[in-house]
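Chains as they are written, first to last, in numbering that gives the first Met the number 0: chain A, 0 to 276; chain B, 0 to 302.
Hints in this document: simulated from the structure, not taken from any laboratory.
Hints are not guaranteed to be accurate.
Only some residues are given here: those of chain A computed to face chain B with a beta carbon under 8 Å [unchecked claim]:
id: 1; residue: V27
id: 2; residue: G30
id: 3; residue: V82
id: 4; residue: V89
id: 5; residue: G160
id: 6; residue: R162
id: 7; residue: Y164
id: 8; residue: P165
id: 9; residue: F191
id: 10; residue: C233
id: 11; residue: A243
id: 12; residue: Y249
id: 13; residue: L251
Which stretches of chain A does chain B cover? Using the computed rule of at least three CB atoms under 8 Å from a CB of chain B, they are [as the list claims (entries may be wrong)]:
id: 14; region: 70-81
id: 15; region: 91-100
id: 16; region: 192-205
Idealized CB from N, CA, C, for every residue including glycine.
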Amino acid sequence: MFTGFMINTWAAATIVAVIAGAVGFFVVLRGAAFPAHAIPKGAFAGAAGASLLGISTLAGLAVFALLGAVGIGTLGRRGRHDVATALALVMMLALGAAFLSQTTEYEPEIYSLLFGEVLGVSSTEILPIAILAAVCITAVIVLYRPLMLASIVPEIGEAGGVRSYPMEICFLIVLAAATALTLPVVGALLIFSLMTGPPAAARSIASRPLLAMSWSVAIAVITVWTAIACSYLCNWPVGFFVGALSALSYVLGRSWAGWRGTRTTHPGTPVATLSHT
Amino acid sequence: MYHLYTRVIEPGFFASAQVHAAAVIGGAVAVISAVTGVFTVLRGQSFGGHALTDVSTAGGSGALLAGVSPVTGFVGLSIIGAGLMETIGIRRARGRDLATGIVLGASIGLGALFLYLDTTASTTTGATQQILFGSIFTIGSGIVPVVVIFSAISLGCIALVYRPLLLTAVSTDMAAARGVPVRLVGMVYMLALAVSVGLSSLAIGSVLSTALLIGPAAAALRVTKKTGRAVVVACLTGTGATWLGVLLAYDSYYWSPGHQGLPVSFFIVALVLAAYLLSGLAATRTATAARETAVPAVSGPGR
Numbered sequence: 000m001f002t003g004f005m006i007n008t009w010a011a012a013t014i015v016a017v018i019a020g021a022v023g024f025f026v027v028l029r030g031a032a033f034p035a036h037a038i039p040k041g042a043f044a045g046a047a048g049a050s051l052l053g054i055s056t057l058a059g060l061a062v063f064a065l066l067g068a069v070g071i072g073t074l075g076r077r078g079r080h081d082v083a084t085a086l087a088l089v090m091m092l093a094l095g096a097a098f099l100s101q102t103t104e105y106e107p108e109i110y111s112l113l114f115g116e117v118l119g120v121s122s123t124e125i126l127p128i129a130i131l132a133a134v135c136i137t138a139v140i141v142l143y144r145p146l147m148l149a150s151i152v153p154e155i156g157e158a159g160g161v162r163s164y165p166m167e168i169c170f171l172i173v174l175a176a177a178t179a180l181t182l183p184v185v186g187a188l189l190i191f192s193l194m195t196g197p198p199a200a201a202r203s204i205a206s207r208p209l210l211a212m213s214w215s216v217a218i219a220v221i222t223v224w225t226a227i228a229c230s231y232l233c234n235w236p237v238g239f240f241v242g243a244l245s246a247l248s249y250v251l252g253r254s255w256a257g258w259r260g261t262r263t264t265h266p267g268t269p270v271a272t273l274s275h276t
Numbered sequence: 000m001y002h003l004y005t006r007v008i009e010p011g012f013f014a015s016a017q018v019h020a021a022a023v024i025g026g027a028v029a030v031i032s033a034v035t036g037v038f039t040v041l042r043g044q045s046f047g048g049h050a051l052t053d054v055s056t057a058g059g060s061g062a063l064l065a066g067v068s069p070v071t072g073f074v075g076l077s078i079i080g081a082g083l084m085e086t087i088g089i090r091r092a093r094g095r096d097l098a099t100g101i102v103l104g105a106s107i108g109l110g111a112l113f114l115y116l117d118t119t120a121s122t123t124t125g126a127t128q129q130i131l132f133g134s135i136f137t138i139g140s141g142i143v144p145v146v147v148i149f150s151a152i153s154l155g156c157i158a159l160v161y162r163p164l165l166l167t168a169v170s171t172d173m174a175a176a177r178g179v180p181v182r183l184v185g186m187v188y189m190l191a192l193a194v195s196v197g198l199s200s201l202a203i204g205s206v207l208s209t210a211l212l213i214g215p216a217a218a219a220l221r222v223t224k225k226t227g228r229a230v231v232v233a234c235l236t237g238t239g240a241t242w243l244g245v246l247l248a249y250d251s252y253y254w255s256p257g258h259q260g261l262p263v264s265f266f267i268v269a270l271v272l273a274a275y276l277l278s279g280l281a282a283t284r285t286a287t288a289a290r291e292t293a294v295p296a297v298s299g300p301g302r
């Protein structure tokens, strides 16, 4: 399990988990679960386009992820945000369907791009993943304070010179970069599980932001490691284990928060209601 | 004149049985999607509406594996998923999106497993693409009764709670103060949404399902503020986009020399998006017109 090509798998998966955990923390904080689902799923169409043009899959993914992010940002500026996300998503998918209709030899690749091909990472793929990961982490560090402010108390952020709209675009672009990087490894549909389950669980465990973010990264890494080990042992798709474990971590996190809530607060005190507002 | 006619409508369009099925089923699905869609947009539950397509798709691949009818799989898991979302459901929109996301993530995982087992159990090539995108042209006419029954259920649910649903969509607090059972109304609405989305993902694929649910309704709500009128406009936009899309896809087969047609979903989605963008223009124009006419009226008495 830890020899030869599996070394690459472990390395790539760990990078992916760290990124998903860190970016996912902001996804949950901003309630941006829909864009986090839409950008990877739509970016998948870019891979189809890239295979049609004969260029690198990663380039196709990155271009479409960015297009999706900008599309959601611009459409969402005037009008309902969830509507904008839905329309940007279906447009990208429809383009994907159009690309696919023009080629014939894509079938096995679709499945792996959607659900992940973590057991087949080659050593040449590690380098671009590592570079994009470094970019993402830097962006998260630089944006940490303003993004936090704009996400939690946008009014105070505006007063302090942090404008919401540019912050939104920055956030979506970071999301797009994280997507392009994680997509070939865990698949278009499961990045999303990794970006919502572990961070949501972390939020129920810890309330201090940095601590919660660390928890989020830790849970994401554990989820991915367990998923790979299980997938290696019983040959079922990695995606299934990632999805199931992410949901499980959320349920456990919520139960832990609920259990702690009943233990520490006495009935009738306003603390319980405060923690929900 | 005839020449132009054959240019616009390529020969054999009205004779094709596939086109008939696509027009009838596509039209019916467009109507129920538009009706449920208006409330989906008003309640800000586009994510839920989209997530249910993936949930029901997982149900579809599960049904393939278990050997039961796809309708059971699609609609069944869609209803279960909607129930779970509503049960975890937290009052605030952010929490609700998160609950939706968790249910979605888990069912995508399940879907991955089912698809994997499907493709190893039998060599059904094309199953992945079929389930993911679906195609309006590959549906048999045998599905028509199913579409009619489930459409009736979905529309019946909406009709049953139409007024309280409107009230809760505008303001949950106000509705609760007026004695509307908010949770119950939400549940009935989610049931209607689940049936409608499950059905449309089966009949026309998940991409078109979301496009027809959100696009026409959002466009209509930008043009008019009256909900009843918005429902009508959404239905017209949805069916119009569907039928025009079917026509264009049929024609596109003749466009390129290689006879490599473009998929229907591409055309319908493009038309829906165009309608949404146009409605934005129309909305801003009426808004500026209203402001221009309002200004002299206000400054009038001062002169």
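Does Y164 (chain A) pass the interface hint, meaning its C-beta sits closer than 8 Å to a C-beta of chain B? 17 Å, violated
Establish whether the coverage given for the region 91-100 of chain A by chain B is satisfied; the threshold is a Cβ-Cβ distance below 8 Å, and no fewer than three residues must meet it. Our answer is that it holds, as 7 residues pass the Cβ test (under 8 Å) against chain B, meeting three.
Holds or violated: V89 (chain A) as interface residue toward chain B, Cβ cutoff 8 Å? Given a least distance of 4 Å, the restraint on V89 (chain A) holds.
Does the CB of G160 (chain A) sit less than 8 Å away from some CB of chain B? For G160 (chain A), the interface hint is violated, since the closest Cβ of chain B sits about 25 Å away, which is over 8 Å.
Please count how many residues of the region 192-205 of chain A have a CB within 8 Å of a CB from chain B and say whether that reaches 3. With 4 residues close enough to chain B, the hint holds.
Are G30 (chain A) and chain B close enough, Cβ to Cβ, to be under 8 Å, as the hint says? 3 Å, holds
Interface hint compliance - V82 (chain A) to chain B, C-beta minimum distance less than 8 Å: 4 Å, holds
Please check whether V27 (chain A) passes as an interface residue: C-beta within 8 Å of a C-beta belonging to chain B. 6 Å, holds
Any CB of chain B closer than 8 Å to the CB of Y249 (chain A)? 5 Å, holds
Could you check if L251 (chain A) really has its C-beta closer than 8 Å to a C-beta on chain B? 12 Å, violated
Restraint check, 8 Å cut-off on beta carbons, for A243 (chain A) near chain B: Holds. Min distance 5 Å.
Is the coverage entry for the region 70-81 of chain A by chain B consistent with the three-residue Cβ rule at 8 Å? holds (count 4)
The structure fails to meet hints 5, 6, 7, 8, 10 and 13 from the earlier list, while all remaining hints are met.
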